[in-house]
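Undergrad: Residues per chain, in single letters:
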Amino acid sequence: HAQAMSAEEAAALRAELAALKAKVQTLEDRLDAATAPAAAPSGAAGAVTPAAAPVTAAAAPAKPGPDIAWKGAPEIKTADGWSFKPRGRIQLDLASIDAPPGVTDTHGGLATEFRRVYLGVDGKIPGGISYRVEVDVANSSVELTDVYLTYGTGPLSITAGQIKPFWSLEEMTSDLFTSFAERAAFTQAFGFERRVGLSGQYKGKALLVQGGVFGDNANDLLSDSDNSVSVDGRVVWMPSFGDTQLHLGASAHWRKANDGPSAVRYAARPFVHTTNSRLVDTGTFTATSERGLGLEGALIAGPFHVASEGFWQTARRPGLADPTFFGGYAEVGYVLTRGDRRGYKDGSFDRLAPSRPITAGGPGAIEINARYDHLDLSDAGIAGGRQRTLGVAVVWAPIPYLRLTANYGHLMYDDAAIGSTSGDRNYSADAFGLRTQIDF
Amino acid sequence: HAQAMSAEEAAALRAELAALKAKVQTLEDRLDAATAPAAAPSGAAGAVTPAAAPVTAAAAPAKPGPDIAWKGAPEIKTADGWSFKPRGRIQLDLASIDAPPGVTDTHGGLATEFRRVYLGVDGKIPGGISYRVEVDVANSSVELTDVYLTYGTGPLSITAGQIKPFWSLEEMTSDLFTSFAERAAFTQAFGFERRVGLSGQYKGKALLVQGGVFGDNANDLLSDSDNSVSVDGRVVWMPSFGDTQLHLGASAHWRKANDGPSAVRYAARPFVHTTNSRLVDTGTFTATSERGLGLEGALIAGPFHVASEGFWQTARRPGLADPTFFGGYAEVGYVLTRGDRRGYKDGSFDRLAPSRPITAGGPGAIEINARYDHLDLSDAGIAGGRQRTLGVAVVWAPIPYLRLTANYGHLMYDDAAIGSTSGDRNYSADAFGLRTQIDF
Amino acid sequence: HAQAMSAEEAAALRAELAALKAKVQTLEDRLDAATAPAAAPSGAAGAVTPAAAPVTAAAAPAKPGPDIAWKGAPEIKTADGWSFKPRGRIQLDLASIDAPPGVTDTHGGLATEFRRVYLGVDGKIPGGISYRVEVDVANSSVELTDVYLTYGTGPLSITAGQIKPFWSLEEMTSDLFTSFAERAAFTQAFGFERRVGLSGQYKGKALLVQGGVFGDNANDLLSDSDNSVSVDGRVVWMPSFGDTQLHLGASAHWRKANDGPSAVRYAARPFVHTTNSRLVDTGTFTATSERGLGLEGALIAGPFHVASEGFWQTARRPGLADPTFFGGYAEVGYVLTRGDRRGYKDGSFDRLAPSRPITAGGPGAIEINARYDHLDLSDAGIAGGRQRTLGVAVVWAPIPYLRLTANYGHLMYDDAAIGSTSGDRNYSADAFGLRTQIDF
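Chains as they are written, first to last, in the working numbering: chain A, 99 to 538; chain B, 99 to 538; chain C, 99 to 538.
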């Protein structure tokens, strides 16, 4: 039995509906004004409104408020292109070196070190501008790391400020993501560092071209001998085929010393950073210019990766033969945890992010790496010695922004710069390092 | 033909409406609790509710959450008066000086420098308290810049901490907003710097009165000779008439040296900051106290502005005549881009903000400035020399927080403190500087 | 008289209702996606939905966005366990010492100092990990303070990095919350500092057990003499009975010097920090190891509190008698403002938070403290002198994160390390300090 609704009841219903509609509209306006992240495609609300219905779905196009994304730390950004994100990292190292007596300052025992403590910010400004300011405070001093402005809206961009001058795959890969706690010996021996300059980059889908003119590290700009100039360039071909990422690159570097000949020195620490001893060391000599050539190759295929580099550094000496020193490495790595692989992005290795982090009951991501690292600092009458290192590393990322790296290196020296107390310059040493690292 | 709605249908409709109303109310409560920026005037929702309708529009007065405004970086603030904003700036300089041989350490060639790299925070605390902590890390060291607390709810405020002791229009204007990359020579020569002290300020509509007692720069507080005391004050009349802003000011300064006579030195770099050479330089001499008097005048009329200052610094020497050194400048400027003008706020020049930034397809804001800058450091037997500079600058702000400044200065020296290799102390020099700057 | 609703009307109503329901659902989804703080208990929306109604209340379980809490500065956090909060503090001191002539470097007159200027961040990572990076930039240098990672999901946690090695109640209490501007003399004399190490903690309801192995302060890790190792532990029983909090604790410390005997020195400043003079001072002597034992007791009963500690530091000297130095204090305090009490948390005193801050028209929180502080640095042939201090302090917290501390100390010396110009080593001195402090 159907009873008719009264006119009063129907009118009340209609009034309630009208009030509700107004209220929902108000809510939507407020949402639009306040919560940019909630910005559903503009048609979404309308799409569910039957065309015949008298509901006006269009909210006033209020300016949306900032959104907060999370990348280890909050990234606050607006719909019109501003963004701001704090940056930082802690690397706490525990390391030990076992070398013949007299060779290292710290032998036996363990040493600890804050390897890096970074604090800084990343920002984006509408119109294609981005910037970074970051400092390393680990050594109870302030060292500027990346401090730059970049302009670019498409594949081309230009950057002014202090960055790494496009040295090598190993160097261009963030220290957060390297295969071992410390980079290959040649990157240290040949004085790779950040420098202040002006550079440009073309980043295509499979091609990366980088080049620039650089002065000195910001630290050294303070001295009034800031007239060194370098020209640095790098080309990378980085096609990907399904699950496979290829990386083939080359870089060239030329640096002219200050006004006249200046002092250079090539030397490297033994596998870990806690010691100040350089067992291979050319000592300081005079050079008018430096030239560097590097070759890079890498392949990531599912959980496997291989990588190898070689770098030739030549110093031009006035009135003497020009020595060319060589360093390089070859490594293989395998990610043990199912579904994970070594990250790669824009010509560098990237974060090892676990697909099953411990917070989801998973094992995190575990990678094992093995490397042969070679450095020869003897040439043209300069006897800096030769260092060969066999290293293995285990990297564990229980969650994306936390990482532990345990690595061991067996070092073999020929004609080492520092002899043992018995006068031996051909010896071997062993080093172990454990790094605990977070970043944001 | 009208068919009656069944009672069941009507009841179902009513139930749906009741559920919807509850749901909307829940949404509104959640919005109120979560999104302060969305806080519509409290009557808004009710206003669209027909008076006869049974909808209760009043949401529970939940405490609103923080709002995020954007001033180069996000400023997070709450409805009850807290706020927090990161601060920072990068100034990257490229500069060159062409002077007679032997005059400057860097002659010919270009030099680059991070002029300033600031990181810090600004905050507000309910009850009229605000604070700032900011450091300059440009020199791979940490230098405290503004570090203070201010209390004040009306035109009167008091400030404890390190600030600028109210020196001059040029000095009180942030280095982000000056007409040239570097300030007038006298501000540098007379040792204007931030100092730790206690000060008060009255800021009326057209009158600004500032005064305080100061010790040393935070850097120098560490030495145990922290007994210098200065009394500093400044008065500014700053009426505005329609499109015209007038600025007339005067400042007075008195500083007593540590316990007894101490070393003072007045000197200035030549137009740019990349060199450490001071071509005008009194050298170090002994003084018991310092006295400074400054006059300031400026006028902004639409796109035009003029500004001029003079400053007399007197050092009291025990048993010797007291030298009075003078410095000052006069400048004119014009903002080329339609609708833009030089900013002014609270007794200082302010940001040049483009009304048509490049992100809106506009040209940004472009300003040209010309200045005569005068500094005479010779008096009462002290021969520090005289430096006169004719300078022109082009300032381009493509967007509000990004700015490029190109400036050129022709410097003329009489009795310069540093002679050329030929022994000449009357010569001229030319300097060029380019600054790229962002701030947040 | 009941008039039947037309079928068209009913259909229109139903269509409007359907559209509204879709719209509300969209709003809710957007809210869920955007505003974590608004996350009402999941049953809330459903609870108001009549069971018989056809409304489906369950929103798609969209991931909620970050929430912003406020603890002096914004703490941004996500529902899944990330958080990020800037940290900082400013302590601006004004202090004066009145001592016999020749005793202190700064006598008479006032001295000012930025005692601490901290900047840093706190963060949480899902899975029970938290970290802190904070630096002190007060001395125009960078000093790492707390830099650590902690892992722990229940009462047990482990921490790697630089922290305080569980010294004493006074030392473990943040300098933001101490009874006087400076801590008891023994904490300074015995070299309490942060050190890098690995430690564990059990924190039960009334029991706190802390212990770890530590190396050196991050500053000293840079030297290659980083082989000192200490083992430090602390136990606290901290039951609370209604309004009463009891604290009974003990700590033990053992530290072995580098490789062989190394230089130690125990000394303390007189009540304030602005002077560098240490009137009690063992001078530098050689020790092979250090041992420390501390006892702690405190009671908070409503507005009253008492606290007392004693600490015995023994240095082992090769071939000489081992001196044991003693320091300790006893204090009473009373919070004058109704409803306020001294904070206590996890084995340390905590913030004095006003229940009626000045922003609510109240007086803030006011506490008065009186203390006898004892330090004896003479033993076993080492004559470092004895310092006894009677101190009173007034602490005013107008709002939770702003605090002023005025304190006065009367110091009495026997066999002081620094004699007056008349050769007297038994004298008294008076010191006054005023601290203005904010933190976030």
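Think of the hints as simulated: they come from the structure by calculation, not from any bench. Any given hint might turn out to be false.
For identical chains, the list gives no copy identity; a pair is met inside one copy or between any two copies.
Calculated lysine-lysine pairs in the DSBU-like style (CA-CA distance at most 30 Å, straight line) [said to hold, decoys possible]:
(1) Lys354 - Lys169
(2) Lys354 - Lys222
(3) Lys354 - Lys303
(4) Lys443 - Lys301
(5) Lys443 - Lys222
(6) Lys169 - Lys222
Every value quoted in this text rests on a predicted model; they were computed, and no experiment measured them.
Undergrad: Take the hints in turn and mark each one as holding or not.
TA: We went through each hint and held it up to the structure:
1. Taking the shortest Cα distances, Lys354 and Lys169 never come within 30 Å of each other, neither inside one copy (40 Å) nor across copies (42 Å).
2. For the identical chains of this complex, Lys354 and Lys222 are neighbours neither inside a copy (34 Å) nor across copies (47 Å), given an alpha-carbon limit of 30 Å.
3. Neither within a single protomer nor between protomers do Lys354 and Lys303 lie at most 30 Å apart by alpha-carbon distance, with minima of 34 Å and 58 Å respectively.
4. When the C-alpha separation of Lys443 and Lys301 is checked against a cutoff of 30 Å, the pair qualifies only within one copy, where the shortest distance is 11 Å, while the shortest distance between copies is 43 Å.
5. In this homomeric assembly, Lys443 and Lys222 come within 30 Å of each other (Cα to Cα) both inside a single copy, at 20 Å, and across copies, at 27 Å.
6. Proximity of Lys169 and Lys222 under a CA criterion of 30 Å is satisfied in both settings, with 15 Å inside one chain copy and 12 Å between copies.
Against the hints set out earlier in the document, violations occur for numbers 1, 2 and 3.
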